[in-house]
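K.L.:
Going down the list, the sequences are from chains A and B.
The numbers in this note's numbering rise by one with no breaks, and the one at position 74 of the first sequence is 74.
The numbers in this note's numbering rise by one with no breaks, and the one at position 50 of the second sequence is 50.
Mixed in with the good hints, there may be bad ones.
[As the list claims (entries may be wrong)] Coverage of chain B stretches by chain A, computed from C-beta distances (three or more under 8 Å per stretch; other residues unrestricted):
| hint | region |
| --- | --- |
| 1 | 12-25 |
| 2 | 28-42 |
| 3 | 54-60 |
[What the hints assert, rightly or not] Residues of chain B clear of chain A, computed beta-carbon distances all greater than 12 Å:
| hint | residue |
| --- | --- |
| 4 | Val64 |
| 5 | Ile66 |
| 6 | Cys69 |
| 7 | Asp73 |
| 8 | Met74 |
| 9 | Arg75 |
| 10 | Gly76 |
| 11 | Leu77 |
| 12 | Ser78 |
| 13 | Ala79 |
| 14 | Leu80 |
[What the hints assert, rightly or not] Residues from chain A that face chain B, not an exhaustive set, calculated with beta carbons under 8 Å:
| hint | residue |
| --- | --- |
| 15 | Arg9 |
| 16 | Leu10 |
| 17 | Ser61 |
| 18 | Ile105 |
| 19 | Gly107 |
| 20 | Phe109 |
| 21 | Phe178 |
| 22 | Arg182 |
| 23 | Pro185 |
| 24 | Glu186 |
| 25 | Arg189 |
| 26 | Gly190 |
| 27 | Thr219 |
| 28 | Thr241 |
| 29 | Phe244 |
These aren't lab readings, by the way, just hints derived from the structure by calculation.
Think of the CB as a built atom: it goes at the ideal place given N, C-alpha and C, for glycine as much as any other residue.
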Amino acid sequence: MARAALLRRLTWQLGSVIELVGETPRVKSIVLEVPDWPGHRAGQHVDVRLTAEDGYQAQRSYSIASAPEDVNVVLTVERLEDGEVSAYLVDELRPGDGLELRGPIGGYFVWSELLGGPLFLLAGGSGIVPLRSILRHRAAIGSAVPVRLLYSARSLEEVIYRDELNGQAVLDGVDICFTLTREWPEAWRGFRRRIDEEMLEEVSWLPEEQPLVYICGPTPFVEVAASALVELGHDPGRVRTERFGPTGG
Amino acid sequence: MEALDGNAIAGLLLDVFGAEMTTASGTCGNCGAAGLIAEAVVYVQAPGTVLRCRSCGSLLIVLVTIRGCTCVDMRGLSALESVAVSTDDA
């Protein structure tokens, strides 16, 4: 069985768009029905392929936003400047359309309860997507693993899943902090700067508590966060990272 | 051009190797550092896909796809091992 799974080839399948949810002005969630979806683990992603009428194909990798327990597969996509794939997904896709995808993919940036915690999740911008899957999974299975999330966004308007995260924050064992890097409301009580070592020291678990850390965001965000945590004494072996960039368009 | 990491090409590697490779460990033929493929520095818009060592920056793997055929150059690796990383409970 394990052997068969190991030799599994990825096959493209057609998902059908059920709903599109506007999350922020530049970000949409695509709710998909995928008939033969084999199930996934929180944190995994899929490859999406678009084919033009002339046969030209473009392929990108997107994190899965839904929990394994959710009925549908949800992708959350940010429209990037000049992003040929993301612009189509955010602006052109409609309910009823088909979307070619393959997955789930990736065995590294995943969390399951067996791995334990405490969890420290760090998101930069749309890096929140796979971490949202982890948070939803944790809630769905009733896990008691304590979790802290630090989410960096440019402005409150650009915070993805804001209502859902506020809902998560009242659950036992969940702490959520935001930092806004460009604009903030006058009465904003969260952080007002880019992440730095001082902020991480204030928000993170102590190194002695041996948190399992997941960092996802643009490459510079991930580099700063990962090196600051290691500097603070966290075990690099318990820090998992996933970087994305404009090349993900 | 901004560097990504091995997570971004998990699908491509699965295509080529027939197995999940981001949890495999690669040893750099130049500096000897061993690291997970997920953590390698990856450029996806070079001619082809390029993986570099996170410790010394040396070339580890180059993958080039031409007319549906993917050529893999792994001369930069001294070892590539599929290790049981604790991430994989499937």
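K.L.:
Compare the structure with each hint and give your call.
P.N.:
Against the structure, the hints:
| no. | hint | in the structure |
| --- | --- | --- |
| 1 | 12-25 | holds (count 7) |
| 2 | 28-42 | holds (count 3) |
| 3 | 54-60 | violated (count 0) |
| 4 | Val64 | 15 Å, holds |
| 5 | Ile66 | 15 Å, holds |
| 6 | Cys69 | 16 Å, holds |
| 7 | Asp73 | 21 Å, holds |
| 8 | Met74 | 19 Å, holds |
| 9 | Arg75 | 24 Å, holds |
| 10 | Gly76 | 20 Å, holds |
| 11 | Leu77 | 18 Å, holds |
| 12 | Ser78 | 21 Å, holds |
| 13 | Ala79 | 18 Å, holds |
| 14 | Leu80 | 15 Å, holds |
| 15 | Arg9 | 6 Å, holds |
| 16 | Leu10 | 5 Å, holds |
| 17 | Ser61 | 6 Å, holds |
| 18 | Ile105 | 5 Å, holds |
| 19 | Gly107 | 4 Å, holds |
| 20 | Phe109 | 6 Å, holds |
| 21 | Phe178 | 25 Å, violated |
| 22 | Arg182 | 20 Å, violated |
| 23 | Pro185 | 31 Å, violated |
| 24 | Glu186 | 34 Å, violated |
| 25 | Arg189 | 33 Å, violated |
| 26 | Gly190 | 27 Å, violated |
| 27 | Thr219 | 5 Å, holds |
| 28 | Thr241 | 7 Å, holds |
| 29 | Phe244 | 6 Å, holds |
When each numbered hint is compared with the structure, violations occur for hints 3, 21, 22, 23, 24, 25 and 26.
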